[in-house]
Amino acid sequence: MAMSQRSTIDFNQGWQFMQNGITKLKNILEGTPETQFSSEEHIMLYTTIYNMCTQKPPHDYSQQLYDKYKESFQEYITSTVLPSLKEKHDEFMLRELVKRWQNHKVMVRWLSRFFCYLDRYFIARRSLPALQEVGLTCFRNLVYQDANGQVRDAVISLIDQEREGEQIDRALLKNVLDIFVEIGMGLMDCYENDFEDAMLRDTAAYYSRKASNWIVDDSCPDYMMKAESCLKREKERVSHYLHSSSETKLLEKVQHELLFVYATQLLEKEHSGCHALLRDDKVDDLSRMYRLFSKIPRGLDPVANIFKQHVTAEGTALVKQAEDAVSSKKVDKKDVIGLQEQIFVRKVIELHDKFMAYVNDCFLNHTLFHKALKDAFEVFCNKGVAGSSSAELLATFCDNILKKGGSEKLSDEAIEETLEKVVKLLAYISDKDLFAEFYRKKLARRLLFDKSANDDHERSILTKLKQQCGGQFTSKMEGMVTDLTLARENQTHFEEYLAHNSNASPGIDLTVTVLTTGFWPSYKSFDLNLPSEMVKCVEVFREFYQTKTKHRKLTWIYSLGTCNINGKFESKAIELVVTTYQAAALLLFNASDKLSYHEIMAQLNLSDEDVVRLLHSLSCAKYKILNKEPSTKTISPTDVFEFNGKFTDKMRRIKIPLPPVDEKKKVIEDVDKDRRYAIDASIVRIMKSRKVLGYQQLVMECVEQLGRMFKPDVKAIKKRIEDLITRDYLERDKDNPNLFKYLA
Amino acid sequence: MNKLGRGQRDKLQQFMLITGASEKVAFQALKASDWQFEGAFDLFYSHPQLRSVADTRHIEELYNRYKDPYVDMIMADGISLLCNDIQVDPQDIVMLVVSWHMKAATMCEFSKKEFIGGLQAMGIDSLDKFRERIPFLRSELRDEQKFREIYDFAFGWAKEKGQKSLALDTAIGMWQLLFAEKHWPLVDHWCEFLQARHNKVISRDTWSQLLEFARTVDPALSNYDPDGAWPYLIDEFVEYLNETSIIQKGKLSEWNYKS
Numbered sequence: 001m002a003m004s005q006r007s008t009i010d011f012n013q014g015w016q017f018m019q020n021g022i023t024k025l026k027n028i029l030e031g032t033p034e035t036q037f038s039s040e041e042h043i044m045l046y047t048t049i050y051n052m053c054t055q056k057p058p059h060d061y062s063q064q065l066y067d068k069y070k071e072s073f074q075e076y077i078t079s080t081v082l083p084s085l086k087e088k089h090d091e092f093m094l095r096e097l098v099k100r101w102q103n104h105k106v107m108v109r110w111l112s113r114f115f116c117y118l119d120r121y122f123i124a125r126r127s128l129p130a131l132q133e134v135g136l137t138c139f140r141n142l143v144y145q146d147a148n149g150q151v152r153d154a155v156i157s158l159i160d161q162e163r164e165g166e167q168i169d170r171a172l173l174k175n176v177l178d179i180f181v182e183i184g185m186g187l188m189d190c191y192e193n194d195f196e197d198a199m200l201r202d203t204a205a206y207y208s209r210k211a212s213n214w215i216v217d218d219s220c221p222d223y224m225m226k227a228e229s230c231l232k233r234e235k236e237r238v239s240h241y242l243h244s245s246s247e248t249k250l251l252e253k254v255q256h257e258l259l260f261v262y263a264t265q266l267l268e269k270e271h272s273g274c275h276a277l278l279r280d281d282k283v284d285d286l287s288r289m290y291r292l293f294s295k296i297p298r299g300l301d302p303v304a305n306i307f308k309q310h311v312t313a314e315g316t317a318l319v320k321q322a323e324d325a326v327s328s329k330k331v332d333k334k335d336v337i338g339l340q341e342q343i344f345v346r347k348v349i350e351l352h353d354k355f356m357a358y359v360n361d362c363f364l365n366h367t368l369f370h371k372a373l374k375d376a377f378e379v380f381c382n383k384g385v386a387g388s389s390s391a392e393l394l395a396t397f398c399d400n401i402l403k404k405g406g407s408e409k410l411s412d413e414a415i416e417e418t419l420e421k422v423v424k425l426l427a428y429i430s431d432k433d434l435f436a437e438f439y440r441k442k443l444a445r446r447l448l449f450d451k452s453a454n455d456d457h458e459r460s461i462l463t464k465l466k467q468q469c470g471g472q473f474t475s476k477m478e479g480m481v482t483d484l485t486l487a488r489e490n491q492t493h494f495e496e497y498l499a500h501n502s503n504a505s506p507g508i509d510l511t512v513t514v515l516t517t518g519f520w521p522s523y524k525s526f527d528l529n530l531p532s533e534m535v536k537c538v539e540v541f542r543e544f545y546q547t548k549t550k551h552r553k554l555t556w557i558y559s560l561g562t563c564n565i566n567g568k569f570e571s572k573a574i575e576l577v578v579t580t581y582q583a584a585a586l587l588l589f590n591a592s593d594k595l596s597y598h599e600i601m602a603q604l605n606l607s608d609e610d611v612v613r614l615l616h617s618l619s620c621a622k623y624k625i626l627n628k629e630p631s632t633k634t635i636s637p638t639d640v641f642e643f644n645g646k647f648t649d650k651m652r653r654i655k656i657p658l659p660p661v662d663e664k665k666k667v668i669e670d671v672d673k674d675r676r677y678a679i680d681a682s683i684v685r686i687m688k689s690r691k692v693l694g695y696q697q698l699v700m701e702c703v704e705q706l707g708r709m710f711k712p713d714v715k716a717i718k719k720r721i722e723d724l725i726t727r728d729y730l731e732r733d734k735d736n737p738n739l740f741k742y743l744a
Numbered sequence: 001m002n003k004l005g006r007g008q009r010d011k012l013q014q015f016m017l018i019t020g021a022s023e024k025v026a027f028q029a030l031k032a033s034d035w036q037f038e039g040a041f042d043l044f045y046s047h048p049q050l051r052s053v054a055d056t057r058h059i060e061e062l063y064n065r066y067k068d069p070y071v072d073m074i075m076a077d078g079i080s081l082l083c084n085d086i087q088v089d090p091q092d093i094v095m096l097v098v099s100w101h102m103k104a105a106t107m108c109e110f111s112k113k114e115f116i117g118g119l120q121a122m123g124i125d126s127l128d129k130f131r132e133r134i135p136f137l138r139s140e141l142r143d144e145q146k147f148r149e150i151y152d153f154a155f156g157w158a159k160e161k162g163q164k165s166l167a168l169d170t171a172i173g174m175w176q177l178l179f180a181e182k183h184w185p186l187v188d189h190w191c192e193f194l195q196a197r198h199n200k201v202i203s204r205d206t207w208s209q210l211l212e213f214a215r216t217v218d219p220a221l222s223n224y225d226p227d228g229a230w231p232y233l234i235d236e237f238v239e240y241l242n243e244t245s246i247i248q249k250g251k252l253s254e255w256n257y258k259s
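Those protein sequences? They're chains A and B, same order as listed. For the first sequence, the residue numbers in our numbering are 1 to 744. For the second sequence, the residue numbers in our numbering are 1 to 259.
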């Protein structure tokens, strides 16, 4: 038939032609033997529609064809699809559904190709649903609407079976769930409302049941492992057949039922809960706990809390241990820091390392845990041991590392590491200024008595302290170290001066260390009556020093000097290394054989305390250079002393130590005084800038300002405020006594 | 003036008698206060211009009677004599009120200026008038505002010249005196506490805040704020009261404990 001549197609005729094509299509879908559509057949079908739509009215059949299109689906579904579904159940029903859906999609695709012309003009012009949409909607309304409940239940049942360990057909489920998605035609509402909601509810109920059993039967680590693997499997489930949008919601439900609901019970389980895990160092379990609990809202708070309690308890136990050890030993000198306290500091460092590792590894550096660690350490690190504050303990610990022959014989690296750790501990101590003062005192001893083991280490720890606490903290100490270097240079110049000036001769080998007053701790200088040999030394040095600078005053601190004296004993001569005080006392015996306590005191011009100490070291200690009458173990003002010619020792050179005066009280006094000034300065600073401030606010700002160095006592601040009122820096407001005003 | 009624004329006479003011001044004062005595007195005493010059001569005579032979001041002996003349015990608190009016710098001595100025302020130019004024001066202690001023004044007056703070014994004496007038149940405990625990001088701030404490905090300490800006001595006093069970569960014990 020639195409050019178009005769009007009658509707029924045209439709019959189409119907044949449709029937063919159905056969193909049903699996009935049929040939595939040739391209000619395809074109014919398309053209038929085309023609019937473009005919002149009343023969343009667009509307009817549109309706017929729809009816085709309805008819097929009602006659064939629905019956086939109804007779099947469960998994079989699902399979049938999938098949029918695939078929339907094919049918829609083909038919909409045939009827394509409608899409172009008729549908567009009338703003009607497109052919695709019509086709899919038919399936939705006739099949999906009724069946989806059953389908959903079948799917959920399979999911639960898989949860119980059975093998299921994942591909099938994926296909079924794809239907829910596709049937939404661009929206997820079918999937979410008709499937996901119920699935989530079922999931929650499932895990709720499981959890209620596990929580009773299982230990905390076991429970957590189960929880973790459940979460893993659910996640996999999503990737296998659920829609990706379900992942967050699904996991959240599982987390809620397994973890959130039972969080407290889990953590507090008697022998396997968080406390126990910490106690038994179960690092893996703790890591798992962190991973799991970080997923639930505020889940980590209780864990961090238990961690803090644990660390505090461990630390406090160390303190008690040290206290007990100290009190059980018979200690003669209560103020000397002994071995137990040193061990204590070591153990605290170890504790810190251990729990910091936990924070880094198990708890992945989370701030909550850093804070918990910090809070815990701040609690027990500020408890002293046996009357010594933690500040003092730390300073002594450093001293032992840095001094020659200290109790620490470690490699350079080990020393550096230990110093690093000590400085970190300092951050937890509130009385940092007290530490600074003790450290300074001990540093002075090390530097002046040449007891420092290694200059580099000294500088290194100062750098670390500076980084942690600021430049002001270390400025004096740095000055002290520099002074020593300068002193050595100075000594070289002094020796050159002596070489070039024959009349300037001290008579004995003299080394002088000049210190800058501001940097060093304050020392009382007593007017020791110098032996004549030494008097000349002082003069010679003074003259030399005048040649270098005229604007400085030299104050001699004899209490810090050392002296090497030759003792001519009967059996052999022995060199005695003593302090200047001791040397002065010994030299007295060059002129007199016997001297009483009072005579010695008068000639030396020292205090009772000093005389007792030095005579004790020479007559009642290890080396008896002097004989004492009576030969009791302590010095009394009625004693008489004489040179012990019979003294001897196998060594040719011995050191006779003079135990240092207890500095602890003085240090604490000095620090208290400095604190008073610091508080005053802080109050004045604050009031100067604020002019008028309430009491509470003033105290708060003061505490904050001073917090870097020490924790000021509120009572102390109050006292300083009142002192400043008396000194007319501040006044109370006349109407409100809680308000203070700055007086310019 | 001619139009004064009988009652008013009487009042005028009385006023002149009591204050020693001239008729013109008395009339002014009474008229301004609507012929009420209280108001008129207040007015008169707060306006120095109203006093006439005649008063000063009488007062100077009085001054000379009491002044010390060697120094141009009234010293302890003179004060004893004065007290005798006005029939008042030298330890009587009314002398504090007198000193306050005089703006005396230190206790046990009055400078010429202080004495004369004070008597003028009180409207006294004779011993009779002085005696008559005593009840009124005593009554001033019952005025809340004036008591505070007198109390604050007492600190500067009782302390040694040149010192910033008040010796403890003196302070305790003053407190006993002052709080006998304005009753404060804790005053004895306070004094005990100071002697047992403090034993040092009293600062001005502590002195003035104590009155505030006595006025505002109830004796069972139920409304005491430990975080407030009370001087630390007062904080310690509260601790002392709690420690020694003088205050038990917010109630002031009936009897004293000596711990």
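A hint or two may mislead.
If you anchor each label on the Cβ, the simulated ranges turn out as follows [what the hints assert, rightly or not]: (1) G387(A) - P185(B): 30 to 36 Å; (2) Q176(B) - G387(A): 41 to 47 Å; (3) Q163(B) - R676(A): 19 to 25 Å; (4) G387(A) - D169(B): 57 to 63 Å; (5) Q163(B) - S327(A): 35 to 41 Å; (6) Q163(B) - R346(A): 51 to 57 Å; (7) P657(A) - E160(B): 41 to 47 Å; (8) P657(A) - D169(B): 48 to 54 Å; (9) V379(A) - Q163(B): 42 to 48 Å.
A short, non-exhaustive set of chain A residues, derived as facing chain B with CB atoms under 10 Å [to be verified]: (10) S689; (11) V692; (12) G694; (13) Q696; (14) D723; (15) N738.
No wet-lab data here; the hints were simulated from the structure. Since this is a predicted model, take the numbers as computed values, not measurements. Note that CB positions come from ideal geometry on N, CA and C, so glycine has one too.
We went through each hint and held it up to the structure:
no., hint, verdict
1, G387(A) - P185(B): 30 to 36 Å, "43 Å, violated"
2, Q176(B) - G387(A): 41 to 47 Å, "44 Å, holds"
3, Q163(B) - R676(A): 19 to 25 Å, "22 Å, holds"
4, G387(A) - D169(B): 57 to 63 Å, "38 Å, violated"
5, Q163(B) - S327(A): 35 to 41 Å, "49 Å, violated"
6, Q163(B) - R346(A): 51 to 57 Å, "55 Å, holds"
7, P657(A) - E160(B): 41 to 47 Å, "53 Å, violated"
8, P657(A) - D169(B): 48 to 54 Å, "53 Å, holds"
9, V379(A) - Q163(B): 42 to 48 Å, "46 Å, holds"
10, S689, "20 Å, violated"
11, V692, "13 Å, violated"
12, G694, "8 Å, holds"
13, Q696, "7 Å, holds"
14, D723, "8 Å, holds"
15, N738, "4 Å, holds"
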